[in-house]
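K.L.:
Sequence:
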Amino acid sequence: MATTTKFLKPNEVTVCKRLAVSDSADNKRATALLAIHTGETQVSAAAISGLTSGQVRYIVRRFRVMRLDALSYEDVGRTTTESVVVEEKPAKKIKKDKQPKKDKKSKKGKAKDKKDKDKKSKKKDKKSKDKKKSKKKK
1 MATTTKFLKP
11 NEVTVCKRLA
21 VSDSADNKRA
31 TALLAIHTGE
41 TQVSAAAISG
51 LTSGQVRYIV
61 RRFRVMRLDA
71 LSYEDVGRTT
81 TESVVVEEKP
91 AKKIKKDKQP
101 KKDKKSKKGK
111 AKDKKDKDKK
121 SKKKDKKSKD
131 KKKSKKKK
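Just so you know, my numbering puts 75 at position 75 of the sequence shown, and the rest follows in order with no gaps.
It cannot be assumed that every hint is accurate.
[Stated by the list, open to error] Pairs of lysine to any residue residues, derived as SDA-like cross-links and limited to a Cα-Cα distance of at most 25 Å, are as follows: (1) K9 to A20; (2) K9 to Q55; (3) K17 to V60; (4) K28 to G54; (5) K6 to R57; (6) K9 to I48; (7) K17 to G39; (8) K17 to R67; (9) K28 to Q42; (10) K6 to V43; (11) K6 to A70; (12) K17 to A47; (13) K9 to V60; (14) K9 to V43; (15) K17 to N27; (16) K6 to S53; (17) K28 to V65.
I should point out that these hints are in silico values taken from the structure, not numbers from a laboratory.
When you get a sec, could you build the whole thing from the sequences and use the hints?
P.N.:
Have a look at this one:
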C-alpha cells in the first residue's frame, strides 16, 4: 500500500535521523519510522530496525496521532517545548442524606456469587457421574 504523500515532514526526518544514531531509547522506533518514510513496508521496517512487526505497527499508529510527541527526543534537540495539560474531572460528591450505592451492589454481588457456586457444584456433580459411567463401561 504505497502512498503518494510523504509520511514524515522535513523537520521530523531531521529529528528521526538524529534519534536513529543516538543512544536514545527510541532509536529503533525512529529507524522504523524513517524506513516507512522511504517506502518500506512495516514488515521490512521491522527487519531493518530490529523491532517486531507489531512494535512497528504500534509506533506508526502512535506517530500518526501524536507526531513527534510519540518519541522521547528531548536529548537530541527538541524544537518545541509544549506541555500537555490534562484536566481532571471533579470528584462526585456524596450527599449526607443518602447512603452510598455500594450497599445495593454488594447484595446483588452476593446473590450472583451464590448462583455461580451452584453452577460450579452442578458441573462437578455431572463430571463425577460421567467418570463413574466410564469406569462401569471398562
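K.L.:
Does each hint fit the structure? Answer for all of them.
P.N.:
Consistency of the hints with the structure:
1. K9 to A20: holds (16 Å)
2. K9 to Q55: With a Cα-Cα distance of about 22 Å, the restraint between K9 and Q55 holds, given a limit of 25 Å.
3. K17 to V60: holds (16 Å)
4. K28 to G54: holds (13 Å)
5. K6 to R57: holds (17 Å)
6. K9 to I48: holds (21 Å)
7. K17 to G39: Holds, at roughly 16 Å.
8. K17 to R67: holds (15 Å)
9. K28 to Q42: With Cα atoms ~13 Å apart, K28 and Q42 stay inside 25 Å; holds.
10. K6 to V43: holds (18 Å)
11. K6 to A70: Cα-Cα ~18 Å, so holds.
12. K17 to A47: Cα-Cα ~18 Å, so holds.
13. K9 to V60: holds (14 Å)
14. K9 to V43: holds (22 Å)
15. K17 to N27: Measuring from Cα to Cα gives roughly 9 Å; hence the hint holds.
16. K6 to S53: holds (21 Å)
17. K28 to V65: holds (19 Å)
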